[in-house]
Amino acid sequence: MQLRKLLLLICLLFHNNLYAELTIRITQGVGKQTPVAIVPFGLGDDMSELGVDIADIISNDLKRSGRFSLTPIENMLQKPTTGAGIDFDDWSILGIEAVVVGRIIKMKEGSFNIQFQLFDIFKGEQIVGYRMPANEKTLRRSAHRIADMIYKELTGIRGVFDTKVAYVKTNVSLNETKYSLIVADSDGENEQIVVTSNDPIMSPAWSPDSRQIAYVSFEGDASSIFLQTLRTGNRRKISDRPGINGSPAFSPDGRKLVLTLGGVDGNLDIYILDVATRSLKRMTYNRSIDTEATWSPNGNEIYFTSDRGGAPQIYKIALNSDKAERVTFQGNYNARPRLSPDGKKLALVHLYRGDYRIAIYDIAKKDLLVLSSGMQDESPSFAPNSDTLIYATKMRGNGVLETVTADGLVRQRVASKLGDIREPVWSPFLKL
Amino acid sequence: MERVKFGLIGFLVLVLAGCATPGSMSSNSDSGSSMDGSVVDDAAATYEMGMDGSNNLEAMSDDSMSQDLETIIYFDFDRSELRAEYDTLISSHASNMNANTLLTVRLEGHADERGSREYNIGLGERRAQAVRRMLLLNGVAPAQITTVSFGEERPNSYGSDESSYTQNRRVELVIN
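Protein sequence lines, in the order shown, are assigned to chains E and H.
Quick note: the first sequence uses our numbering, first residue 1, plus one each step.
Quick note: the second sequence uses our numbering, first residue 1001, plus one each step.
So that you can see chain E by itself, here it is in the shape it has in the complex (with noise of 0.2 angstroms):
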């Protein structure tokens, strides 16, 4: 233990030269997938090539949502690049129900202007077209947005392509495990180490504004809690009483945190932090583990795990309240909760014949659902679209992330080259 003194190396979130090293496949899709094409975008006349491949990042996009179908680039008869060129009789004779074509303009070096138009192919009309700003370091980005646009528009939902995710790795060598803490945009592609330690990393929590992350480390064999601001890297310790400090989440205006205190008897109780005072509220008192507390949207209540009744089940608290109220009531372990952003359901890890499952609880109806299908999944995380969760599996033995729409219909699997990852937490809307 001595000899394992920490060493940590942290690295902005800027531009780190980093390789994606995750790739996504669909494990189980839907029955209706609704047949889509995503013609190549045409560039300006003064372009030879971009680097960036927009309409192949919006196809991968949809497809991964696994509610849409796409046509391959072989299979289309033509390749508009602007809706005057589209030949509706050629699409639908392919049974393609939208198109949507692009292009790419120059505006000078390193600028470029993004129009793209979505097209119903029955109605022979537009759907939706709009002209975006972009430059290299945004091109990514925007394609992603647009993706959000159109799965808008096809579905109803708002898209979540132009998110990120964070989550816990560890590669385990001979003599020492690393423990770095990533975060990396919704499709896994660029991946940035927000922190790599020689101590264990975990609870990584969002604030609601997606500039900082807080989380738990254990450098210098203790617990505390750290808040770092993704930007700048800049990370101060706002938490290490003595025995445990855990469980971070942002309140929804993201001026406390509710996390766990466990003091020198380790009594694991509910506290709210105030970040700009540090002034401390106690929760709950009582002598079980009382831990995993997360907000409700309105800031009004805490949804946490206790066993107090023997087992661990869900609680929830109101904020001007001192009395706690059980939630869940449907077998023997239901851990982890946390809201659905629309406030209407909990995802949880509840214990399924024998295996610990991702479970959704529907909070009006009080009933339960099983999404997940491995034997030890944990970590469910609500989408900010409220719509699909991520979570972690096992693997061989190795932790990989998987997706699942809250009606259990869609699940895939976001797998990594590398390591073992777990925890991750899918960061709220951006700002533009």
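Read the hints as simulated data drawn from the structure, not as lab findings.
Quick caveat: nothing in here was measured; it's all calculated off a predicted structure.
Where a beta carbon is used, it is the ideal one built from N, C-alpha and C, also for glycine.
Any given hint might turn out to be false.
[Said to hold, decoys possible] So the derived label-pair ranges between C-beta atoms look like this:
no., chain 1, residue 1, chain 2, residue 2, range
1, E, G309, H, A1084, 39 to 47 angstroms
2, H, Y1158, E, D46, 49 to 57 angstroms
3, E, A364, H, T1101, 54 to 62 angstroms
4, E, K281, H, N1100, 53 to 61 angstroms
5, H, G1139, E, D265, 16 to 24 angstroms
6, H, R1079, E, G156, 44 to 52 angstroms
7, H, N1100, E, A276, 38 to 46 angstroms
8, E, K366, H, R1079, 29 to 37 angstroms
9, H, R1079, E, F329, 22 to 30 angstroms
10, H, G1139, E, A364, 40 to 48 angstroms
11, E, R282, H, T1101, 47 to 55 angstroms
12, H, T1101, E, G310, 50 to 58 angstroms
13, H, G1139, E, K237, 33 to 41 angstroms
Starting from the known structure of chain E, arrange chain H on it as the hints suggest.
Using the frame of chain E, we list chain H on its own:
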């Protein structure tokens, strides 16, 4: 020198065992853990050596003694109660710490990988606290003890099977 140390420790363990609950030494036979058995084996094997040896007892520091005692305590699935077989070991550690109040111990609690991570931090802490309470009962000063729970974050064994789980449900005593 190494044999000498073992001899003395073995002797101490036996003496202390005599003071502790009768029968606690034999309660390990039904356990699946490999570590608890070895304490007794060492003690039995080295008892005679200790008696036979004409060794220089002053050469043994408290430090080296505490390092030679077993420092990992294992737990049953979903339990934080100490098995009776560890009474002797813990009272031996307590004696060392009482004899040298400059010694401190960090109790590192661990859980197996099943279930959610922060809840497992709680389970690991419960185990560390069980050892802490036993040390306090044996007279160790609260200031000599700190606890930390690593939950499932720092496993001894990386497998996803019962034998790995058994090795991972533990408290490690780190003595400084």
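Verification of the hints:
1. Range check, E:G309 to H:A1084: about 28 angstroms between beta-carbon atoms, so the 39 to 47 angstroms window is missed.
2. Distance hint for H:Y1158 and E:D46: a CB-CB separation of about 55 angstroms, consistent with the stated range 49 to 57 angstroms.
3. The hinted range of 54 to 62 angstroms is satisfied by E:A364 and H:T1101, whose Cβ atoms lie roughly 59 angstroms apart.
4. The hinted window of 53 to 61 angstroms between E:K281 and H:N1100 is violated, with their beta carbons roughly 41 angstroms apart.
5. Checked against the hint of 16 to 24 angstroms, the C-beta distance between H:G1139 and E:D265 comes to roughly 18 angstroms, which is consistent with it.
6. For H:R1079 paired with E:G156, a C-beta distance near 50 angstroms keeps the hint of 44 to 52 angstroms intact.
7. Between H:N1100 and E:A276 the beta carbons are some 45 angstroms apart, a value that agrees with the proposed interval 38 to 46 angstroms.
8. The supplied range of 29 to 37 angstroms is met by E:K366 and H:R1079, whose beta-carbon atoms lie about 32 angstroms from each other.
9. Our hint of 22 to 30 angstroms for H:R1079 and E:F329 holds, since their Cβ atoms are close to 24 angstroms apart.
10. Under the hint 40 to 48 angstroms, the C-beta atoms of H:G1139 and E:A364, about 56 angstroms apart, miss the expected range.
11. In this structure the supplied range 47 to 55 angstroms is violated for E:R282 paired with H:T1101, their Cβ-Cβ distance being about 33 angstroms.
12. A C-beta distance of roughly 39 angstroms is found between H:T1101 and E:G310, which places it outside the suggested range of 50 to 58 angstroms.
13. Hint check: H:G1139 to E:K237, Cβ distance near 35 angstroms, so the stated range 33 to 41 angstroms holds.
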